[in-house]
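A.B. asks: Given next are the chains, with one letter for each unit.
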Amino acid sequence: MNLARRVFLKATGLFLLSLGLKPSGGVLAKNESPNFLANPQALKGRRWAMAIDLKKCKPDCQDCIIACHWAHNVPSMGNPKDEIKWIWREPLAKAFPGQGLESVNSPWANKPVIVLCNHCANPPCVRVCPTQATFQREDGVVMMDYHRCIGCRFCVAGCPFGARSMNYRDPRPFIKKINPNFPTRTKGVVEKCNFCVERLAEGLLPACVVACPEKAIIFGDLKDPQSEISQILRARFPIRRRPELGTQPQVYYLT
Amino acid sequence: MLEKAFHGSRSYWFLITLLLLGIVIGFFFYLKQLDYGLGITGMSRDVTWGLYIAQFTFLVGVAASAVMVVLPYYLHNYKVFGRITILGEFLAVSAVIMCLSFVLVDLGQPARAFNVLLYPTPSSILFWDMVVLSGYLLLNIIIGWTVLGAEKKMVTPPKWVKPLIYLSIPWAISIHTVTAFIYAGLPGRSFWLTAIMAPRFLGSAFASGPALLILFCLILRKYTRFDPGKEAIQALAKIVTYALIASIFFVAMEIFTVFYSQIPEHKQHFIFLFAGLEEHRFLVPWMWSAVFLAALALLILLYPPFRQKENLLATACAAVFSSLWIEKGLGLVIPGFIPNPLEKVTEYHPTGPEIAITIGVWALGLLILSILYKIAITVKQELES
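Chains A and B, in that order, give the protein sequences.
For what it's worth, my numbering labels the leading residue of the first sequence as 1, then goes sequentially.
For what it's worth, my numbering labels the leading residue of the second sequence as 256, then goes sequentially.
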């Protein structure tokens with residue numbers, strides 16, 4: 001076949017153009033049916049929030065941590081360098097820095113409190129992420145897309161609470177017992193607490209809330225004035241971590 | 256013009272081989288990093304950026320500094336820089352390529368790097384940094400290549416290149432401003448949360464870049480028949496002097512604000528840098544070396560008879576370059592993470608593979624630079640003979 005150069009170029013050009021047109025093909029035929037069916041029992045909220053009762057939380061109890069880390073396949077890396085954690089304990093003076101608790105020898109200073117992602121209403125991690133791999137849902141939960149994350153760790157630098165962990169190596173060999181109901185992660189992506197969205201979708205409260213033997217963790221919809229969390233935040237004196245930064249944490253501590 | 260890179264002296268080929276060796280070694284360790292993950296580096300949960308991002312930040316400055324030769328030459332018709340403008344532009348090209356490579360080797364999932372383009376996110380400074388850096392790379396390749404090509408054919412450069420040259424001037428400022436914004440806009444990282452960050456970046460950039468350019472000029476004059484001209488080198492030396500003073504001034508302003516206000520959260524990072532926190536003093540010797548080198552350089556540069564002696568000038572330029580490499584490299588990135596938001600100090604020490612990869616990227620940049628300089632110098636020499 002003797003194809004003229006001109007014809008060949010035309011055909012190539014048309015072919016390349018058609019590749020570019022392909023995505024707009026969606027307007028011709030649209031599938032109206034939803035991709036998945038929501039569980040009718042799913043818990044619905046307009047602004048999920050958490051309150052942690054510092055009076056009830058027992059210093060030597062780790063039930064919430066164990067429950068969360070098992071539910072979400074959080075590995076035990078065995079060294080602080082590669083450590084991955086979603087919820088953990090910190091001395092109160094470290095979780096609330098700059099309060100001067102140490103200087104008055106307050107017995108509260110060393111009391112361990114549990115810390116986790118604050119699911120800020122104005123999250124800096126979402127703002128800085130270059131791929132929207134970390135994003136905020138309409139109900140306020142700050143989420144991670146582990147398949148989109150490029151592992152630049154800008155969100156880790158952006159988080160003023162140290163809530164984010166990077167998978168510095170393959171985490172799977174370090175998961176003691178894999179929970180088949182939740183995905184494991186790959187090396188090179190960032191992860192953190194997800195407010196148990198996978199449990200909310202099935203009508204269950206977060207794993208840490210359920211696991212707490214003291215009922216020290218309260219979870220609910222802040223936009224619903226009748227919810228337990230709204231009521232307890234009105235009744236008690238709630239504080240938040242580093243409120244001066246304007247990130248508006250949605251995890252409250254009851255003093 | 257590319258063919259000019261394939262004919263060179265023995266020392267040229269020795270240099271090329273050496274740099275290729277550096278790239279191969281670096282690439283070997285990069286493959287290891289790909290396999291194991293970023294855990295192969297000294298970075299940790301608390302110190303999540305290290306040597307790679309430190310090099311990236313510093314090299315953006317080197318790239319931006321090309322404007323210090325472009326601006327006097329094209330805007331003020333300062334003819335003395337005519338011979339070295341191309342050197343500045345090609346230095347920018349290789350520096351930007353190094354920057355982009357350092358970001359790439361720092362990614363946990365490099366195969367997904369193009370997600371930044373696939374899901375453009377204007378709220379992210381990193382997205383903008385990618386935009387301005389790639390734009391600056393293109394601008395300098397196009398301008399440098401076109402102007403050199405025209406020079407080779409002994410014609411005036413095409414008209415369309417002039418607007419691009421003018422555009423490249425504010426663009427150079429933008430790459431370093433945007434890079435500063437990566438740091439300066441993060442709540443809770445008090446070391447970086449300062450409005451002086453971008454000016455400070457530009458100050459140190461305009462000192463370290465031209466200092467490196469002077470060193471290259473001196474090396475080229477010694478090992479090739481290319482002479483950038485004494486006047487051009489001295490003019491660059493003046494630029495380095497002013498920029499170094501500005502740079503020191505900006506750091507001093509930072510130190511005043513932090514220590515006069517006495518806000519512990521802001522103070523602790525500087526105390527960590529210059530005195531150490533608890534028993535952690537691993538950056539202290541580096542920082543004091545930077546201070547000493549800057550002081551030495553200032554001493555030489557401020558006194559004209561010293562500055563005019565080219566041996567002393569070379570010493571001063573090496574001192575400026577090393578001092579600012581520390582100050583705007585590890586000395587800028589690491590203390591942002593130390594202490595961490597929970598007031599914990601985590602040590603950071605680069606590992607062997609991390610250093611090998613870093614050297615590999617530098618070798619890649621220097622290889623590109625050697626080839627580009629070789630082309631530029633051969634073209635200029637052929638014209639003269």
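Bear in mind the hints are in silico, worked out from the structure with no lab data behind them.
Please note that a few of the clues may not be correct.
[Claimed, not checked] Going by beta-carbon spacing under 8 Å, a handful of chain B positions derived as facing chain A:
hint: 1; residue: F436
hint: 2; residue: E534
hint: 3; residue: N595
[What the hints assert, rightly or not] DSSO-like, lysine-lysine: derived pairs with alpha carbons at most 27 Å apart:
hint: 4; chain 1: B; residue 1: K334; chain 2: B; residue 2: K485
hint: 5; chain 1: B; residue 1: K599; chain 2: A; residue 2: K58
hint: 6; chain 1: B; residue 1: K407; chain 2: B; residue 2: K522
hint: 7; chain 1: B; residue 1: K522; chain 2: A; residue 2: K81
hint: 8; chain 1: B; residue 1: K287; chain 2: A; residue 2: K176
hint: 9; chain 1: A; residue 1: K81; chain 2: A; residue 2: K177
hint: 10; chain 1: A; residue 1: K81; chain 2: B; residue 2: K259
hint: 11; chain 1: A; residue 1: K58; chain 2: A; residue 2: K215
hint: 12; chain 1: B; residue 1: K259; chain 2: B; residue 2: K522
hint: 13; chain 1: B; residue 1: K417; chain 2: A; residue 2: K111
hint: 14; chain 1: B; residue 1: K407; chain 2: A; residue 2: K187
hint: 15; chain 1: A; residue 1: K223; chain 2: A; residue 2: K55
hint: 16; chain 1: B; residue 1: K485; chain 2: A; residue 2: K81
hint: 17; chain 1: B; residue 1: K334; chain 2: B; residue 2: K407
hint: 18; chain 1: A; residue 1: K187; chain 2: B; residue 2: K259
hint: 19; chain 1: B; residue 1: K259; chain 2: B; residue 2: K493
hint: 20; chain 1: B; residue 1: K259; chain 2: A; residue 2: K55
hint: 21; chain 1: B; residue 1: K629; chain 2: B; residue 2: K522
hint: 22; chain 1: A; residue 1: K55; chain 2: A; residue 2: K10
hint: 23; chain 1: B; residue 1: K417; chain 2: B; residue 2: K407
[What the hints assert, rightly or not] Distance ranges between label pairs, derived from CB positions:
hint: 24; chain 1: B; residue 1: E486; chain 2: A; residue 2: S18; range: 55 to 61 Å
hint: 25; chain 1: A; residue 1: G203; chain 2: B; residue 2: F537; range: 31 to 37 Å
hint: 26; chain 1: B; residue 1: Q636; chain 2: A; residue 2: F15; range: 45 to 51 Å
hint: 27; chain 1: A; residue 1: R137; chain 2: B; residue 2: A405; range: 23 to 29 Å
We put the beta carbon where it would ideally sit given N, CA and C, even for glycine.
A.B. asks: When you check the alpha-carbon spacing of K259 of chain B and K522 of chain B, does it fall within 27 Å?
C.D. replies: violated, 54 Å
A.B. asks: Taking only the CA atoms, is the gap from K58 of chain A to K215 of chain A under or equal to 27 Å?
C.D. replies: With a Cα-Cα distance of about 11 Å, the restraint between K58 of chain A and K215 of chain A holds, given a limit of 27 Å.
A.B. asks: Please work out if K259 of chain B and K493 of chain B have their alpha carbons no farther apart than 27 Å.
C.D. replies: violated, 33 Å
A.B. asks: Against the 27 Å threshold, does the CA-CA distance of K629 of chain B and K522 of chain B hold or violate the hint?
C.D. replies: Roughly 48 Å separates the two Cα atoms, so the pair is violated.
A.B. asks: Below or equal to 27 Å on CA atoms is what counts here, so check K81 of chain A against K259 of chain B.
C.D. replies: Measuring from Cα to Cα gives roughly 49 Å; hence the hint is violated.
A.B. asks: Starting from K81 of chain A, check that the Cα of K177 of chain A is at most 27 Å away, please.
C.D. replies: holds, 22 Å
A.B. asks: Within 27 Å, alpha carbon to alpha carbon, are K223 of chain A and K55 of chain A?
C.D. replies: With a Cα-Cα distance of about 25 Å, the restraint between K223 of chain A and K55 of chain A holds, given a limit of 27 Å.
A.B. asks: Please verify whether K417 of chain B and K407 of chain B have alpha carbons no more than 27 Å apart.
C.D. replies: holds, 18 Å
A.B. asks: Measuring from beta carbon to beta carbon, are G203 of chain A and F537 of chain B in 31 to 37 Å?
C.D. replies: Since the Cβ atoms of G203 of chain A and F537 of chain B sit about 51 Å apart, the hinted range of 31 to 37 Å is violated.
A.B. asks: Just to be careful, I want the Cα atoms of K522 of chain B and K81 of chain A compared with a cutoff of 27 Å; is the pair within it?
C.D. replies: Between K522 of chain B and K81 of chain A the Cα gap is close to 25 Å, so the pair holds against 27 Å.
A.B. asks: Go ahead and decide if the range 23 to 29 Å is satisfied by the Cβ distance of R137 of chain A to A405 of chain B.
C.D. replies: violated, 56 Å
A.B. asks: Is K417 of chain B close enough to K111 of chain A, meaning Cα to Cα at most 27 Å?
C.D. replies: With a Cα-Cα distance of about 66 Å, the restraint between K417 of chain B and K111 of chain A is violated, given a limit of 27 Å.
Figure legend: structure checked against the earlier numbered hints; hints not met, in rising order: 1, 2, 6, 10, 12, 13, 14, 16, 18, 19, 20, 21, 22, 25 and 27.
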